[in-house]
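Based on the provided sequences and hints, a complete structural model is requested.
If you read the protein sequences in the order shown, they are chains A and B. Under my numbering, the residues of the first sequence are numbered 8 to 484, in order. Under my numbering, the residues of the second sequence are numbered 47 to 145, in order.
Because the hints were derived from the structure by calculation, they are not lab data. The structure displayed is predicted, hence computed values, not measured ones. Glycine residues also receive a C-beta, built at the ideal position from the N, C-alpha and C atoms. Misleading hints may appear alongside valid ones.
Unchecked claim - Taking beta-carbon pairs under 10 angstroms as the criterion, some of the chain A residues facing chain B (in silico):
no. : residue
1   : CYS35
2   : PRO49
3   : VAL66
4   : SER103
5   : ASP145
6   : TYR149
7   : ASP151
So you can see what is in the structure, the chains are spelled out below.
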Amino acid sequence: MTQSQYEVVIGLEVHVQLGTRTKIFCSCPLEFGSPPNTNVCPVCLGLPGALPVLNQAAVELALKASAALGCRINPDSRFARKNYFYPDLPKGYQISQYDEPLAEHGTVRIAGKSVGITRVHMEDDAGKSIHDGFRDSDQYSYVDLNRSGAPLIEIVSDPDMRASDEAYAYVTELKQILQFVEVSDCDMEKGQLRCDANVSIRLWGAGEFGTKVEIKNLNSFRFLKMALDFEIGRQVALVESGGEVVQETRLYNAGTGETVSMRSKEHAHDYRYFPEPDLVPLRVGSAWHDRVTASLPELPAARRARFIEVYGLKEYDAQVLTASRALSDYFERAATVSGDPKTTANWVMGDLAGLLKPAGREISESPISAENLGELVKLINSGQLSGKLAKEIFPRMFEAGGTPADIMDREGLRQISDSGALEKIVEEIISTNAKQVEQYRGGKVSVLGFLVGQVMKASRGQANPAAVNEILKNKLM
Amino acid sequence: MKLTEKEVRYVADLANLNLTETEIQNMVKDLGAILDHMDRLSGIDTAGVQPMRQVLFPAPETATLRADQPGACLSNEEALANAVHAAHGYFRVPLVIER
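This is how it looks when you write it as C-alpha cells:
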C-alpha cells in the first residue's frame, strides 16, 4: 500500500493575540520587547487575592473575529479555570472558556471547500520561559511574565482538512481575515499567532477517524506544512509496518524537519476545569452583537471577487492586492484617481512594491500617496507624460514625496507636445543624420524608428512620441 | 472524614509550607472539620437545582468590564520581591525541560 490509500484528517487550533493596549484581566500594557517582568501587576503575577476584570476591548475584538469567521455568537458565555502547573503560569491555572465558549459554528472558505470553525473562545496567555542563553541554563529556566495575561482567542477548526496544503491555505486565509478586521497584526515573529495541528490518517472510506497526534511548536506556516508532511509520512509508515499510531503530543524540530514525541507527562493532563468564580458570565446582547457585525469591513474573499469583477483584474493580481487591508485600500484609492485599475495595479505591484521592499517599508508608510500614484497613471494615459519619463519620476516621488506634476516642473520634465519646440529638435536630427534620412526617402521606412529614437534622446525623453512621429513623417516627405 | 497527620504533612509539602508541630495538630482538626462539612454537602440531593457559580445582579452587560486603559505596573524589583530565586530581572526556577 502507499500513502495515497490513506485519507489524511487535519484540524487546527490557532491562538491569536488580540490587538488591545492592555492585558485581558488587568491594566498592564502590552509592549513587545520591554525589559523582563516590568509590565506586570498583582493580577498577572498571580498574587493571592488579586482579582481579574475583563477588558471590554478584548471582548469587542473577539466578537469581531467570531463574526468575521461566520460564527454564531453565544449571548451568554462563561470563563473557566484550566488547571495545570508550569512556572510561567503563576496562578496555577489559565482563565479560559470551556463548555460555554464565546462563539461556535463558523466557516472559512479555502479554494474549493469550506473548513468549519468549531469554536472561538477567549483566554489569557502564559508568561515566557527561557531555557537557553544564560550561563546556568543547564540548571535553571528563566521566566518573564510580561506576556502573562495577554488577551488571546483560540480558534478551533473542525477536522475538515485533508492535506497539508489545505492546512496551509486555511491558516493563510484565517490570518488575512483577522488582519482585515484589525483583530490582530498576526505577527508570528512576535508570537501573535501560534498554531497547533491535530493529524490522523485512515483508510479511504473508513467511517471512524484514526488516532490523532497533536503537533506543537509550529511557528511559521511553512513549518506547519513541513511538520504535517513529515507526520503523515511517519504515520503511514508506522501503520504499513503493522504498528499503531499512539495518541500523543509531538514537537516539531525545524532543524531536523522531524516531529519528536514529547516524552513528558504533559499530555496526561486532567485540567480539572471548573467555572471561574472571580468573573461573572459574559453577556453579549443582540444590540452589541449587531453593532459588531455592522462594523465589519468587507472581508478579503469578497474584496478579491469584487476586484476581479468590477476592475477586471486577474485572479492572481486580485490576490496580491488584497494581501492586506491597507494594500487593497491603497490600490482602490489610486485606481479611483487614475480611472485605469489595471495599469494602476501594475504600478502598485511592480514599481511601488519594488521601492518599498528594499526600504523595508509597509504600504502604510509609502512616501507616494495613493492619490499621487493615481495621478501619475492619469498623466501617462492622457499623453502628458511618457511611460519612460514616468519610470524616472516615480523613484523621485518616492524620495521626495509630492505630486508627479510638482516633480515634472521641478526637474523640467514636462512632456514637450508644443510643435514649435519639437520641430526645432526634429530639424536638428534630420540635418545630423543625413545617411538615415536618405535611406528613408529611398524606401527603407523602418529607419523612421531610429530617427524617432534620436529625437526622443535629444529631448531627454520629454518629447511626445506620437507628435514626433507625425512631425518627422511630414518633414521627410 | 478523619484527616491523618501524614496527609497534612504531605499537603503542606506540596504547597511548599513549613508548618510547626502545633500548626500541624491544628490543621488536622481544622481541615478535617472542613472536609466533614463537604461530606455533609455531598449528601444533599441537588438534582434539578441550578448551580450558583457567581452572584449576579441586574446591570448593563458591560458593567463588569474594564476600559482598555493602561495603568500602573509594579517595578521589576517589586515584581521579583517574593521570588525565591531571581536573576537578570527574571524569575529563576529549576530546569523545566528535560535535556
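Verification of the hints:
1. This hint holds: CYS35(A) has a C-beta 5 angstroms from the nearest C-beta of chain B, less than the 10 angstroms allowed.
2. Taken as an interface hint, PRO49(A) checks out: its beta carbon lies about 7 angstroms from the nearest beta carbon of chain B, inside 10 angstroms.
3. Hint status for VAL66(A): holds, given a least beta-carbon distance of 7 angstroms to chain B, under 10 angstroms.
4. The beta carbon of SER103(A) comes no nearer than 15 angstroms to any beta carbon in chain B, farther than 10 angstroms, and the hint placing it at the interface is violated.
5. Of the supplied interface hints, the one on ASP145(A) holds, with its beta-carbon coming within about 7 angstroms of a beta-carbon of chain B, less than 10 angstroms.
6. With its C-beta approaching chain B no nearer than about 4 angstroms, TYR149(A) sits inside the 10 angstroms limit, and its interface hint holds.
7. Because the beta carbon of ASP151(A) sits about 6 angstroms from the nearest beta carbon in chain B, less than 10 angstroms, this interface hint is met.
Violated hint for the displayed structure: number 4, the only one.
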